[in-house]
Amino acid sequence: MRTTIDLRILAVLAPLLASAACGSHGSPAAPSTAPSVVTAPAPTSVASGATITGTLSGVTNGTASRSRTLGTPGVIVTVVGTSVSSAVDSSGAFTLTNVPPMAVVLSFSGPGINASVPIGVLANDDHVQIGVTVSGTSATLDSLTSTTATSTAVSMKGAIASLTGGCPSLSLVISGVIVHTNGATTFSAKGCADIAIGDTAGVVGTKGSDGAVLASAVDVAKPATVPPPAPTPTPAPTPTPTPAPTPTPSPTPTPTPAPPPATVTMNGTIGAFTGTCPSLTMSVSGSYVRTDSATTFTGKSCGDLKNGDSIGVAGTRQSDSTILASLIVVTASTSTPTPTPSPTASVTVTGTLGTFNGPCPTLSMLVGGSYVRTNSSTTFSGKSCGDLKSGDVLAIVASNIGDNLGLMASKVTVTGSAPVPPPVAVTFSGTIGAFGGGCPTLELNVGGTYVVTTASTTFSGKTCATLKAGDSVGVAGTHPADSGTVTATTITSTATTAPPPTSTTVTMNGTIGGLTGTCPVLTMSVGTTYIRTNSATAFSGKSCGELKAGDAIGIAGTRQSDGTVLATTIAASK
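If you read the sequence shown in my numbering, its first letter stands for residue 2, the second for the next number, and so on.
What the hints contain is simulated information worked out from the structure, not anything from laboratory work. A portion of the hints provided could be inaccurate.
What the hints assert, rightly or not - In silico lysine-lysine, DSBU-like type, Cα no more than 30 angstroms apart, as pairs:
{"no.": "1", "residue 1": "K390", "residue 2": "K412"}
{"no.": "2", "residue 1": "K301", "residue 2": "K469"}
{"no.": "3", "residue 1": "K301", "residue 2": "K463"}
{"no.": "4", "residue 1": "K208", "residue 2": "K191"}
{"no.": "5", "residue 1": "K191", "residue 2": "K469"}
{"no.": "6", "residue 1": "K412", "residue 2": "K384"}
{"no.": "7", "residue 1": "K463", "residue 2": "K307"}
{"no.": "8", "residue 1": "K412", "residue 2": "K208"}
Source: prediction; values computed, not measured.
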């Protein structure tokens, strides 16, 4: 990886994302022709400057009563501070050549037009393609794609037009270009799971032979103000029994609550599998998934899982970005090994060591937002493997070996240490959901927060042995700065609530996400809920065999004890 190229690309993106987040010009009009990734021709001589090609669209002159495409004679675009300029042709296109290496600002002038927009820092061999909207004295940068003549490195910026896949393996369309992410992609400003259609994203990555970009970094700014997507057709209403309203208990005041982990549902194939039941660790669609004594398994028991099994996962994303599964549904079993992608070139990761575990030399660690592993081939300097501790500042040379389990380190260098933050004191209240372990070492899920008890934990209202799922409790304790798991010092029982019934009538609408199985036995995700069908399920609008991912459906059914919904009726929009 060329570090100098990445730094220059990030310098180009920085002012653009700031402009997207803070601009006051309203919604930028979409360019009339979406720019695509530009591959610069190999130079035949020493580069004399950068090249900028652009298109103006949806432009007003500040005096006319309606918008028009800027292409009239007399409109000029100039690189501020230089003599480099170009006329805008009748289609709104222009080209600037021999742009000197500098922080570039473009000025647009003409009848009723006097506006400027920053492009960022360019180098001699940069080739940049942009889309700009101009209105009177205001100019908005709608899209930017940047390449160099000496590499396949790409930087680009624009609004996310479409979004498919599951974290970390997303497929985005930005300014007409397909962008892929994987387990080695870093996300900033927003996490992978929080990205949405309409967000303005800056991307740094490499362009493949198919024209798609594999992102090494995605920086999402304030969501762009864009027209909302066309509404999803509402499925034809299906008569369903109206469930009796469930009394909602009065909320218990929660002083300074800790933010609960995010709920996650996903489908995928087990690519790596370690541990002993019930404490397993596996890779599913590029994410680390963990199980514990509170995890429910259907389709197969915990002990029967193996690499290659297709599974659905429901759980919560922890502060270390792993997913703690509350439910694992095995949808298919296969012994065929998953092909391993070709490894990528080495990268350098720097940052402070956060959560890490495993015996030396096989460590798994979180460094600067990236998952990094070590093995017997990894060399250590500054400290030995066994002397590492949270707070150490590391410089790591690693590569993505293609198994979706994070980067594999070839060299780990300890360059310093940062003070380890003290544990964070928390108090909160909630209802006990998942419940495992044995006194005095319990494992609880209290209102979405994972809590463990020790021999030092004191109990009031109820003893440790009489606690059960459904009890309302207040918790006081601490959690490490790099972990969301709370170690309780005090648990106070405030009320006992009967556990929920094994089945509840459910009606809902949504769009099919993952879809697996063979008719009539299907498993699909709709929002954050897993839906199952069987031979008693009635289909309307589409037959069972015609359903596919992306279909809008209405569902009536019953919620089972494992959290899934068994559908009695599915109505699909044609």
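Checked hints:
1. Distance hint between K390 and K412 is fulfilled; the C-alpha atoms sit about 17 angstroms from each other, no more than 30 angstroms.
2. For the hint pairing K301 with K469, the CA-to-CA distance comes to about 26 angstroms; that is within 30 angstroms, so the pair holds.
3. Note on K301 and K463: the hinted pairing is violated, with a Cα-Cα distance of about 36 angstroms set against a maximum of 30 angstroms.
4. Our distance criterion of 30 angstroms between C-alpha atoms is met by K208 and K191, whose separation comes to about 23 angstroms.
5. As the CA atoms of K191 and K469 are separated by approximately 37 angstroms, the hinted pair breaks the 30 angstroms bound.
6. The straight-line distance between the Cα atoms of K412 and K384 is roughly 12 angstroms, inside the 30 angstroms bound, and the hint therefore holds.
7. Pair hint K463 plus K307 does not hold up; C-alpha atoms about 41 angstroms apart against a cutoff of 30 angstroms.
8. Restraint check for K412 and K208: the C-alpha separation of about 27 angstroms stays at or below 30 angstroms, so the hint holds.
Hints 3, 5, 7 from the earlier list are contradicted by this structure; the remaining hints agree with it.
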